[in-house]
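Peer 1: All chains, please: the whole structure from these sequences, using the hints.
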Amino acid sequence: MDSFTVVENIYLLVIVTLISVLQNAFFAQKVERECNCQNTKTQTSAFERVSCANRNCMDAYPTFLAVMWCAGLCLSQAPAAFAGFIYLVVRQKYFVGYMGQTSQSTPGYLFGKRVIFFLLLMCIVGISNFLLMRHYGSDYKEYVETITNAASALLLIP
Amino acid sequence: MDSFTVVENIYLLVIVTLISVLQNAFFAQKVERECNCQNTKTQTSAFERVSCANRNCMDAYPTFLAVMWCAGLCLSQAPAAFAGFIYLVVRQKYFVGYMGQTSQSTPGYLFGKRVIFFLLLMCIVGISNFLLMRHYGSDYKEYVETITNAASALLLIP
Amino acid sequence: MDSFTVVENIYLLVIVTLISVLQNAFFAQKVERECNCQNTKTQTSAFERVSCANRNCMDAYPTFLAVMWCAGLCLSQAPAAFAGFIYLVVRQKYFVGYMGQTSQSTPGYLFGKRVIFFLLLMCIVGISNFLLMRHYGSDYKEYVETITNAASALLLIP
Numbered sequence: 001m002d003s004f005t006v007v008e009n010i011y012l013l014v015i016v017t018l019i020s021v022l023q024n025a026f027f028a029q030k031v032e033r034e035c036n037c038q039n040t041k042t043q044t045s046a047f048e049r050v051s052c053a054n055r056n057c058m059d060a061y062p063t064f065l066a067v068m069w070c071a072g073l074c075l076s077q078a079p080a081a082f083a084g085f086i087y088l089v090v091r092q093k094y095f096v097g098y099m100g101q102t103s104q105s106t107p108g109y110l111f112g113k114r115v116i117f118f119l120l121l122m123c124i125v126g127i128s129n130f131l132l133m134r135h136y137g138s139d140y141k142e143y144v145e146t147i148t149n150a151a152s153a154l155l156l157i158p
Numbered sequence: 001m002d003s004f005t006v007v008e009n010i011y012l013l014v015i016v017t018l019i020s021v022l023q024n025a026f027f028a029q030k031v032e033r034e035c036n037c038q039n040t041k042t043q044t045s046a047f048e049r050v051s052c053a054n055r056n057c058m059d060a061y062p063t064f065l066a067v068m069w070c071a072g073l074c075l076s077q078a079p080a081a082f083a084g085f086i087y088l089v090v091r092q093k094y095f096v097g098y099m100g101q102t103s104q105s106t107p108g109y110l111f112g113k114r115v116i117f118f119l120l121l122m123c124i125v126g127i128s129n130f131l132l133m134r135h136y137g138s139d140y141k142e143y144v145e146t147i148t149n150a151a152s153a154l155l156l157i158p
Numbered sequence: 001m002d003s004f005t006v007v008e009n010i011y012l013l014v015i016v017t018l019i020s021v022l023q024n025a026f027f028a029q030k031v032e033r034e035c036n037c038q039n040t041k042t043q044t045s046a047f048e049r050v051s052c053a054n055r056n057c058m059d060a061y062p063t064f065l066a067v068m069w070c071a072g073l074c075l076s077q078a079p080a081a082f083a084g085f086i087y088l089v090v091r092q093k094y095f096v097g098y099m100g101q102t103s104q105s106t107p108g109y110l111f112g113k114r115v116i117f118f119l120l121l122m123c124i125v126g127i128s129n130f131l132l133m134r135h136y137g138s139d140y141k142e143y144v145e146t147i148t149n150a151a152s153a154l155l156l157i158p
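These protein sequence lines are chains F, D and H, in that order.
Our numbering numbers the first residue of the first sequence as 1 and each following residue consecutively.
Our numbering numbers the first residue of the second sequence as 1 and each following residue consecutively.
Our numbering numbers the first residue of the third sequence as 1 and each following residue consecutively.
Hints in this document: simulated from the structure, not taken from any laboratory.
Where a beta carbon is used, it is the ideal one built from N, C-alpha and C, also for glycine.
Hints should not be assumed to be uniformly reliable.
Claimed, not checked - Pairs of lysine to aspartate or glutamate residues, derived as EDC-like cross-links and limited to a Cα-Cα distance of at most 20 Å, are as follows: (1) Lys113/F with Glu34/H; (2) Lys93/D with Glu145/D; (3) Lys93/D with Glu8/D; (4) Lys93/H with Glu8/H; (5) Lys141/H with Glu32/D; (6) Lys113/H with Glu34/D; (7) Lys30/H with Glu48/H; (8) Lys113/F with Glu48/H; (9) Lys113/D with Glu48/F; (10) Lys113/D with Glu8/F; (11) Lys93/H with Glu48/H; (12) Lys141/F with Glu8/F; (13) Lys30/F with Glu48/F; (14) Lys141/D with Glu8/F; (15) Lys93/F with Glu34/F; (16) Lys113/H with Glu32/D; (17) Lys141/D with Glu8/D; (18) Lys141/F with Glu8/H; (19) Lys141/H with Glu8/H; (20) Lys93/F with Glu48/F; (21) Lys30/D with Glu8/D.
To be verified - For each label pair, taking beta carbons as the anchor points, the in silico distance ranges come out as: (22) Arg33/D with Leu154/H: 46 to 56 Å; (23) Asn9/F with Ile147/H: 30 to 40 Å; (24) Val6/D with Leu121/H: 35 to 45 Å; (25) Tyr140/H with Thr146/F: 28 to 38 Å.
Peer 2: Shown next, in the form of structure tokens:
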């Protein structure tokens, strides 16, 4: 029953993590295919582009995971998992855009800043709510969760 | 006593994580030694090979950690920690193989796909078992854990 | 109330994680600025240096997070979070030192080895204390926590 409660509080986060792992596997497969192509046909530019996109995604991956899990544990899991899912969609778009022709508008080094910022804000609100509750006994968690649920919908605006 | 229960459920995962950290430190030391050699003797090829092997290992590291911990938390820790240990052995082999001569069969970009796939499957089974238990009240966790324990032995087949 | 207890045990770790995420964002912004500069003025050396510093920091980031959280969960969070904070200060120094002129003493590939080693030791002590408690019923956690708190102050020595 104890293990049931633990899974109850994190299962949405686990699902988003699983989707992100599948996406990582998809990225890695793309890199491996280009890597094999390179050995035979020396298309360096395509390989370099895919490899660079993969590296930028991988650089940001631990940061994303850490922020999402902290936000989910400290405040509430539903908006955190939703924001994580939005981040994965943004990352997919970024990767596909990077693989395209260079004549297109090339994406920069960073992406998904808004989602990371939202998750960071969730963490800060969750921690300060905990500290308030501990020192003053006032609990605003109900209100904060409702506001966060509503605010997470704003991430859908492009 | 509460902290005792928490550690009870994760101590095998923590041990595997510690071993992986020691392995990371070993890899990093190899890179640093080659980096210092490069400054004096300009053996670029050896440095590049070690650096590339290290980078591929590090790219896959957060994914591995996330999947192992999710599988351990959602289903049961013993097979997850065992699979994680197998992954570390595969990674060690990959790194050593990468550092060898280029005349050898060079390892690709990916490694340990089977272990990651097994851990991913464990997560999915754990999550779907939780959802079944929540919505229908049927608990197959006992059976699933027994099957998983048996299945994890299959990873030993090379 | 259950969620309150969870946050109680991890809130210092979450705060350090948040600071590290802010620092990552700072590093990424530096890289992006140099990346944009490079397109117009072709200052490859500055871009390469910042990019290399960022990559070394990012390579070590998952390892650091894993060790800090394990140490915090297995033993006690206050010294783990303190050591994590020290690590972030060391990393900031490393990054700034890397961006400086090459005539300066260039920092190597590794940094913060002492802090990582301290956190690793905390994990090992925590795990062995747990195993002792489980098999022999003797609990030295009180003594160990006091010693760890005192020992963490030693990290301040440069």
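Peer 1: Taking the hints in turn, state whether each one holds.
Peer 2: Each hint tested on the structure:
For the hint pairing Lys113/F with Glu34/H, the CA-to-CA distance comes to about 18 Å; that is within 20 Å, so the pair holds. About 29 Å separates the Cα atoms of Lys93/D and Glu145/D, which puts this hinted pair outside 20 Å; it is violated. Among the hinted pairs, Lys93/D with Glu8/D is inconsistent with the structure: their alpha-carbon atoms are about 31 Å apart, more than 20 Å. Our distance criterion of 20 Å between C-alpha atoms is broken by Lys93/H and Glu8/H, whose separation comes to about 31 Å.
For the hint linking Lys141/H to Glu32/D, the alpha-carbon distance of about 37 Å lies beyond 20 Å, and the restraint is violated. For the given pair, Lys113/H sits about 18 Å from Glu34/D by alpha-carbon distance, which is consistent with the 20 Å threshold. Among the hinted pairs, Lys30/H with Glu48/H is consistent with the structure: their alpha-carbon atoms are about 12 Å apart, no more than 20 Å. Of the pairs offered as hints, the one joining Lys113/F and Glu48/H is violated, with about 23 Å between alpha carbons and a cut-off of 20 Å exceeded.
Restraint check for Lys113/D and Glu48/F: not satisfied, since their Cα atoms lie roughly 23 Å apart, outside the 20 Å limit. In summary, the hint linking Lys113/D to Glu8/F is not supported, as the alpha carbons are separated by about 29 Å, beyond the 20 Å threshold. Straight-line distance between C-alpha atoms of Lys93/H and Glu48/H comes to about 18 Å, which keeps the hinted pair within the 20 Å bound. Between Lys141/F and Glu8/F, the direct Cα distance comes to roughly 18 Å. Compliance with the 20 Å bound is thereby established for this hinted pair.
Taken as a hint, the Lys30/F and Glu48/F pair is honoured in the structure, with Cα atoms around 12 Å apart against an allowance of 20 Å. A distance of roughly 15 Å separates the Cα atoms of Lys141/D and Glu8/F; the hinted pair therefore holds under the 20 Å criterion. Note on Lys93/F and Glu34/F: the hinted pairing holds, with a Cα-Cα distance of about 19 Å set against a maximum of 20 Å. The straight-line distance between the Cα atoms of Lys113/H and Glu32/D is roughly 13 Å, inside the 20 Å bound, and the hint therefore holds.
For the hint linking Lys141/D to Glu8/D, the alpha-carbon distance of about 18 Å falls within 20 Å, and the restraint holds. At roughly 15 Å between alpha-carbon atoms, Lys141/F and Glu8/H fall within 20 Å of each other, so this suggested pair holds. Our distance criterion of 20 Å between C-alpha atoms is met by Lys141/H and Glu8/H, whose separation comes to about 18 Å. Distance restraint check for Lys93/F and Glu48/F: the Cα-Cα separation of roughly 18 Å lies within the 20 Å cut-off, and the hinted pair is therefore satisfied.
Only pairs whose Cα atoms come within 20 Å are accepted, and Lys30/D paired with Glu8/D is rejected, the gap being roughly 35 Å. At roughly 28 Å, the beta-carbon separation of Arg33/D and Leu154/H lies outside the given 46 to 56 Å, and the hint is violated. Remark: the range hint 30 to 40 Å for Asn9/F to Ile147/H is upheld by a beta-carbon distance near 33 Å. Checked against the hint of 35 to 45 Å, the C-beta distance between Val6/D and Leu121/H comes to roughly 20 Å, which is inconsistent with it.
Between Tyr140/H and Thr146/F the CB atoms are about 45 Å apart, so this pair departs from the stated range of 28 to 38 Å.
Checked against the numbered hints above, the structure breaks hints 2, 3, 4, 5, 8, 9, 10, 21, 22, 24, 25 and satisfies the rest.
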